[in-house]
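Quick note: the sequence shown, position 233, residue 223 per this note's numbering, numbers continuous.
In case anyone wonders, no lab produced these hints; they're calculated from the structure. Any given hint could turn out to be false.
[Claimed, not checked] As a list, the in silico SDA-like pairs of lysine to any residue whose alpha-carbon atoms are at most 25 Å apart:
#, residue 1, residue 2
1, K178, K123
2, K94, P161
3, K123, D89
4, K123, D(-2)
5, K158, A215
6, K158, G139
7, K123, S42
8, K94, S245
9, K123, N85
10, K158, A125
11, K158, R119
12, K178, L228
13, K178, P161
14, K122, E93
Remember, it's a predicted structure, so these values are computed and weren't measured experimentally.
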Amino acid sequence: MLPRLHVDIPLTASSDGPDSTLRELNLPAGAARHVQVLRLQPGAALTLFDGSGFEWQAEVLRMGRSEVTVHLHARQWVHRELPHAVTLCVVMPANDRMDGVIEKATELGAAAVQPLMSERSVLRLAGERADKKQAHWQGVAVAACEQSGRSVVPRIESVQTLAQWLHKLPPHDPQQQRRWLLSPTAAKPLRELAQTPAQAQATSTLVLSGPEGGLSPAEEQSARALGFEAVQLGPRILRADTAPLAVLGWLALQSV
-9 MLPRLHVDIP LTASSDGPDS TLRELNLPAG AARHVQVLRL QPGAALTLFD GSGFEWQAEV
51 LRMGRSEVTV HLHARQWVHR ELPHAVTLCV VMPANDRMDG VIEKATELGA AAVQPLMSER
111 SVLRLAGERA DKKQAHWQGV AVAACEQSGR SVVPRIESVQ TLAQWLHKLP PHDPQQQRRW
171 LLSPTAAKPL RELAQTPAQA QATSTLVLSG PEGGLSPAEE QSARALGFEA VQLGPRILRA
231 DTAPLAVLGW LALQSV
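Starting from the given sequences, assemble the full structure and let the hints guide the process.
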């Protein structure tokens, strides 16, 4: 399998038009380092993508100390996304488990991940520390796209408190968006709720998942007031980093 590399600049096949052939490109620093780490040599083939949904077949032309020049060939549209956009709204688990959530959410097809803090959060981030984490997680998503074959990179949103995020949500339109609140005490299982006519026709989904111990009653009430419906995922209690991925995996399987 050819190496797949993400480049953080828009790619075009040629300045003469999107269907023209061949163009030389000096890779951005991150992609160039990746090529050097892989020890690719002039003449080596690789695949490039810029997050737009297109892929370019490319060939290494020249290798410098810090520069790598490639030749771009014709692009092709590659669609490996879920039928409906799914955003995981996750109260961040402690330690480094959020890295795993981002990685697996990317592999399973999430369109975006919204890191949140709630009343019972252990991990709390703000200011420069939050910005650095967001940038790190975006890098995790890029790496997962390179590995999994996705050509669209999910957005990793800035860290917010649950209250701030709920306050910014637009009014709920159930015909456009499903809003699910994961709760082990909910009466409805996910499959039953998702198959109702009103839910089945929605074109996007928000999945709100709390921390270990769940959201507070006041937080659940605030979410419900904005159209979130509580769903449960079965008889077992799942960890905070497992529950949202279980939902995303189920949604991904529905599209196969």
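For each hint, the structure was consulted:
{"no.": "1", "hint": "K178 with K123", "in the structure": "35 Å, violated"}
{"no.": "2", "hint": "K94 with P161", "in the structure": "30 Å, violated"}
{"no.": "3", "hint": "K123 with D89", "in the structure": "10 Å, holds"}
{"no.": "4", "hint": "K123 with D(-2)", "in the structure": "18 Å, holds"}
{"no.": "5", "hint": "K158 with A215", "in the structure": "13 Å, holds"}
{"no.": "6", "hint": "K158 with G139", "in the structure": "33 Å, violated"}
{"no.": "7", "hint": "K123 with S42", "in the structure": "24 Å, holds"}
{"no.": "8", "hint": "K94 with S245", "in the structure": "17 Å, holds"}
{"no.": "9", "hint": "K123 with N85", "in the structure": "12 Å, holds"}
{"no.": "10", "hint": "K158 with A125", "in the structure": "22 Å, holds"}
{"no.": "11", "hint": "K158 with R119", "in the structure": "22 Å, holds"}
{"no.": "12", "hint": "K178 with L228", "in the structure": "16 Å, holds"}
{"no.": "13", "hint": "K178 with P161", "in the structure": "23 Å, holds"}
{"no.": "14", "hint": "K122 with E93", "in the structure": "17 Å, holds"}
Hint violations for this structure: numbers 1, 2, 6, all remaining hints satisfied.
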